[in-house]
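**Q** Sequence:
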Amino acid sequence: MNPISAPRGTRDIFPPESANWNRLEADARDIAHRFGYGEIRTPIFEATELFARGVGETTDIVEKEMYTFQDKGERWMTLRPELTAGTVRALLEHKLLAHGPQRLYYIGPFFRYERPQAGRYRQAHQFGVECFGVGGAEADAEVIQIAAMLIRRYGIGDAELNVNSVGDAVCRPVYRQALLDHFRPHAAQLSADSQRRLERNPLRILDSKDSKDAQFVESAPKMIDHLCDECRAHFEALKRYLDALGIAYVVNPRIVRGLDYYTRTVFEFVSSVLGAQSTVCGGGRYDGLVAELGGPPTPGVGFGLGLERFLMVVDKLAGDHAPPRRGIQAIALGERARDRLIAIVGALREKTAEPTFADWQARKVTAHFKTADRNNARWALILGDEELAKDEIVLRDLLARSDRRLPLVPDAAEVARLLVEATG
RNA sequence: GUGAUUGUAGCUCAGCUGGUUAGAGCGCCGGAUUGUGAUUCCGGAGGUCGCCGGUUCGAUCCCGGUCAGUCACCCCA
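Counting with the numbering used here, you get residues -15 to 408 for the letters of the first sequence.
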């Protein structure tokens, strides 16, 4: 057995599964393009300080959950743990925010040093969009529609859109204090985790899973009842736009974000089939982020969608329907036939996008047909001594189980043309 | 980082409170059928029983460690 294995929390993807990835990525790109979003590609690693922003609660993240290393020039580098920071860095570095709103999407891997479990890997992949420079709720609705369209295209009726508002720098501190006032008197009765969160990040108590916290969370004040006028208007506008777009949602006051640069809208698409890692897509507005990274104050809104989790949901909800048979299995019987068939197969591959399979090993016909079935081929093309003697080539319809003979003319390209015609 | 649980053939799994050459189904290769896919029948290949150590006359089985998968917590940028 090979002593070298894939690193913990990483995965190899083979056919036919890799085809699902390609299709999902193509659909994500297609939908993003429909909304006028263009792709941005940024480095897989960045200077550590780009991700080491914020204070207090993020130091754990920096130390424990990032792949950080020193390069040979002794610079501190980190494998990107998310893709938004690199996007903002690139926009600032190239001064693109001076050109008005920027609508971008990305697809790619990110890295987090966490203990793996279902739907959580150390190398995972994300499709995300970012809209910078539009402060109005129409942008929030726009990015939500992108995610909703992708989810609907895959028929994930199970995924539910949860929306909430976390306020802004004006109203969130007030709310935070209201939360503290609510929980502090009961601190001793909260779970140990929530007692810790009480000091560090009281908003996080709201999504506690501990039953000890349930009754206090239930009665806790809600952010949406403490929004300032601007934030309330924004939230109301968002709901209007979602209604106008025909996108169903539920207001879930327990959706929160830990970091200060998040403002107003937060949303998640959640699926019940995923277990504890149930969020298939999470996003929101982060009007404070660009400034925090040293840029001009610029509103932004976007989401990230985990490809692993998305495909898990698709896999669990969709029954296995056999893909349609495609392409031609070339079967050569004998060396002379093989020499002839190689040219024909080569010409076929020039002329048609349908796959042409060829197994040049000297095997029995029965074995070749089994290979054709395994390749899910639609047609079999058989050339042997019998056909060579009559200047014919046999094209077998593997669905109808019937043979048909085509003329074997000297020009391989002409044979290929006839085959494309016959199989079209 | 915490707790629980599982590692036996390519895959899914048996394997008796420790005892001879570790099994099945599926898959793969070949044959029955020397040129036509299914079914059936026959044969074959494929295993350091995750790894290291300990106990024992003897370990897939018991013990310790370690690596990995899974589930939940923590975290979720």
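No wet-lab data here; the hints were simulated from the structure.
A hint or two may mislead.
Restraint ranges, calculated between C-beta atoms of paired labels, are given here [as the list claims (entries may be wrong)]: (1) P85 / A217: 44 to 52 Å; (2) A3 / P85: 29 to 37 Å; (3) G57 / E23: 25 to 33 Å; (4) D323 / R385: 36 to 44 Å; (5) P157 / A337: 22 to 30 Å; (6) D165 / F(-2): 17 to 25 Å.
Beta carbons: idealized from backbone N, C-alpha and C, even for Gly.
**Q** None of the hints should be skipped; say for each whether it holds.
**A** Results of checking the hints against the structure:
1. P85 / A217: 44 to 52 Å: At 21 Å between Cβs, range violated.
2. A3 / P85: 29 to 37 Å: holds (35 Å)
3. G57 / E23: 25 to 33 Å: About 30 Å separates the Cβ atoms of G57 and E23, which means 25 to 33 Å holds.
4. D323 / R385: 36 to 44 Å: violated (29 Å)
5. P157 / A337: 22 to 30 Å: violated (59 Å)
6. D165 / F(-2): 17 to 25 Å: Check failed, 55 Å falls outside 17 to 25 Å.
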